[in-house]
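Visitor: Spelled out from the first residue to the last, the chains are:
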Amino acid sequence: MGLCGRGWAGVLRAAGSGPRLLCLWARGAGGGAPPRSPGELGRYSQRGPSCAPRRQAWPGPPQARGVSRPGPFARGQEQERRRRNKTVLTYVVAAAVGMVGMSYAAVPLYRLYCQATGLGGSAVAGHGSDQIETMEPVKDRIIKVTFNADVHASLHWNFRPQQTEIYVVPGETALAFYKAKNSTDKPVIGISTYNVVPFEAGQYFNKIQCFCFEEQRLNPQEEVDMPVFFFIDPEFAEDPRMAKVDLITLSYTFFEAKGGHKLPLPGYQK
Amino acid sequence: MSTAMTFGTKSFTPRPPDKGAFPLDHFGECKGFKEKFMKCLRENSFENALCRQESKEYLECRMERQLMAKEPLEKLGFKDLIDEKSEAEHNKL
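Chains as they are written, first to last, in the numbering used here: chain A, 1 to 270; chain B, 271 to 363.
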């Protein structure tokens, strides 16, 4: 502390750093200890690692706090900072590009995922076959299901339901029949789709097996029974929006299938 | 076709059936079972719960004649009917 006495105190105090510690460091460590801060290093870079009074070599009190003299260490710091900034910028740009790429890749990847797991775009609470095994019928909620049958004008089939209505409860599997007759003299291939009204109830209407979405061929003057095996999800009884729904209408429409024309199936399955 | 209801209302998206489509019964092999089921429905004023035994028999007929993929009946929701049957057999013994 003696050497870091009056002579130095004024200068060092003006510089605003820890004078005693710096002197100690300079004298004791002999230049091996790390600097307190980069600014400090810049300021005192001109001095050697000793507190010997070399005032003439001392560049003088710094003009302003923030200005760093362009000594070799300072330049190194500057370059180091620039390089760091560039690295950070590169990472940020790479992340942005990655995000854009991921959003493009998401579409085919999701399709693959759906094919693998068989969700088919339906994010409704799972109605897999294990659910059918374990579901319990909700016996106090009787729902009337009415049936409707339509054909497209160009399809000359006689298509009608074999029962006008059926009373089911949620959680119970039910069977219903439609009948179709080909009244022409040529074999005709038809394909059907269905609709459930009210729309919100449609998500609870699960068909285990039916005759829709696949080509069905009828020979001339042939009449067949077409069954629909379905159930209403037990969660229907717990949905507050369905509290007033007592009537569900299932409507099938048959179209003529043009040969070789492959219809896209709903969802991503198949 | 733009009414007040077109935006924001949930539209219906048809879903393919869980187990695919029934092959057509061109030869009417299970017609007898179907007639029994329809008769039961008409007699019971179209209550499904009372005619489940007949629907089970119709599906069993289909499975026997390769018109439907064979599956254990519990998976088709007939667990209660099978339990009853096994109980009845148990009591008989």
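Hints should not be assumed to be uniformly reliable.
Covered by chain B, according to a simulated footprint, are these stretches of chain A (three or more residues, beta-carbon under 8 Å) [unchecked claim]:
| # | segment |
| --- | --- |
| 1 | 146-160 |
| 2 | 212-224 |
| 3 | 227-233 |
Beta-carbon label-pair distances, calculated as ranges [as the list claims (entries may be wrong)]:
| # | chain 1 | residue 1 | chain 2 | residue 2 | range |
| --- | --- | --- | --- | --- | --- |
| 4 | B | E305 | A | R217 | 53 to 61 Å |
| 5 | B | E354 | A | D185 | 44 to 52 Å |
| 6 | A | A95 | B | L351 | 41 to 49 Å |
| 7 | B | S356 | A | P240 | 19 to 27 Å |
| 8 | A | P108 | B | E341 | 42 to 50 Å |
Here are some chain A residues the structure puts well away from chain B; computed CB gaps all over 10 Å [what the hints assert, rightly or not]:
| # | residue |
| --- | --- |
| 9 | T87 |
| 10 | L89 |
| 11 | E165 |
| 12 | T173 |
| 13 | K258 |
Hints were generated in silico from the structure; no laboratory data involved. Even glycine gets a Cβ: it sits at the ideal position worked out from N, Cα and C.
Visitor: Report holds if the minimum CB distance from L89 of chain A to chain B is greater than 10 Å, and violated otherwise.
Guide: holds, 43 Å
Visitor: A cut-off of 10 Å on Cβ-Cβ distance, and K258 of chain A was said to be off the interface with chain B. Does that hold?
Guide: About 19 Å separates K258 of chain A from the closest Cβ of chain B, which puts it past 10 Å; holds.
Visitor: The segment 212-224 of chain A covered by chain B? Criterion: 3 or more residues, Cβ-Cβ distance below 8 Å.
Guide: That given contact holds, which follows from 9 residues of the segment 212-224 of chain A lying within Cβ reach (below 8 Å) of chain B.
Visitor: At the C-beta level, are A95 of chain A and L351 of chain B separated by a distance inside 41 to 49 Å?
Guide: violated, 59 Å
Visitor: Cut-off 8 Å, C-beta pairs, minimum 3 residues; does the coverage of the segment 146-160 of chain A by chain B stand?
Guide: violated (count 0)
Visitor: Beyond 10 Å from every chain B Cβ: check whether that's true for E165 of chain A.
Guide: violated, 6 Å
Visitor: Evaluate the condition: distance from the CB of T173 of chain A to the nearest CB of chain B exceeds 10 Å.
Guide: violated, 3 Å
Visitor: May I ask you to test the hint 53 to 61 Å on the CB atoms belonging to E305 of chain B and R217 of chain A?
Guide: violated, 24 Å
Visitor: Starting from the hint 19 to 27 Å, judge whether the C-beta atoms of S356 of chain B and P240 of chain A obey it.
Guide: violated, 39 Å
Visitor: Say whether it holds or is violated: T87 of chain A keeps its Cβ farther than 10 Å from all Cβ of chain B.
Guide: Holds, because the least Cβ-Cβ distance between T87 of chain A and chain B comes to about 47 Å, which exceeds 10 Å.
Visitor: Do three or more residues of the segment 227-233 of chain A come closer than 8 Å to chain B, measuring C-beta to C-beta?
Guide: holds (count 3)
Visitor: Just to be sure I understand the hint, the distance between the Cβ atoms of P108 of chain A and E341 of chain B should be within 42 to 50 Å; is that true here?
Guide: Taking Cβ atoms as reference, P108 of chain A and E341 of chain B lie about 33 Å apart, which means the hint is violated.
Hint compliance for this structure: hints 1, 4, 6, 7, 8, 11, 12 are not met, and every other hint is.
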